[in-house]
Amino acid sequence: MTEQAASGTVADAAGNTGAHGLDAQTGGSYGHEAHHGRPASWVAVSIIIVGFVVGGVAMVPSPKWWLFWTGAGIAVIGCIMAGTAHILDDWY
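So in this note's numbering, spot 63 of the sequence shown is number 104, and the numbers just go up one at a time.
A few of these clues could be false.
To be verified - Label pairs and their calculated CB-CB ranges: (1) Asp130 x Trp106: 33 to 43 Å; (2) Arg79 x Ile118: 11 to 21 Å; (3) Asp130 x Pro104: 34 to 44 Å; (4) His127 x Lys105: 29 to 39 Å; (5) Gly78 x Ile118: 15 to 25 Å; (6) Trp83 x Val117: 16 to 26 Å.
None of these hints come from the bench; they were simulated from the model.
All residues carry an ideal CB built from backbone N, CA and C; glycine is no exception.
Construct all of the structure, not just a fragment, from the sequences and the given hints.
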């Protein structure tokens, strides 16, 4: 019977675990602040979701174009807020 690999992370001689993206950041800060999970990020994404819901509701049962474009405007405002909150700056 062969030995099974132990659970846990195996590192090479240099200490590299092969982790990428957010997995590599769990050990500490690497020179930049992580922007995910901040309240500004949650608010921006919530506004975008509300915009999509409003736009979707506007299409049922018959299109109400003024409400659809209102939802699109809400989603655009949420995207602008997301951009100013830098929620995608640490995307890998």
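Results of checking the hints against the structure:
Checked against the hint of 33 to 43 Å, the C-beta distance between aspartate 130 and tryptophan 106 comes to roughly 35 Å, which is consistent with it. Checked against the hint of 11 to 21 Å, the pair arginine 79 and isoleucine 118 passes, with Cβ atoms roughly 18 Å apart. For aspartate 130 and proline 104, the hinted distance range of 34 to 44 Å is satisfied, since their beta carbons lie about 37 Å from each other. A hinted range of 29 to 39 Å for the beta carbons of histidine 127 and lysine 105 is consistent with their spacing of about 35 Å.
Taking the beta carbon of each, glycine 78 and isoleucine 118 are about 21 Å apart, inside 15 to 25 Å as hinted. Here the CB-CB span from tryptophan 83 to valine 117 is close to 18 Å, well matched to the stated 16 to 26 Å.
In this structure, every one of the numbered hints holds.
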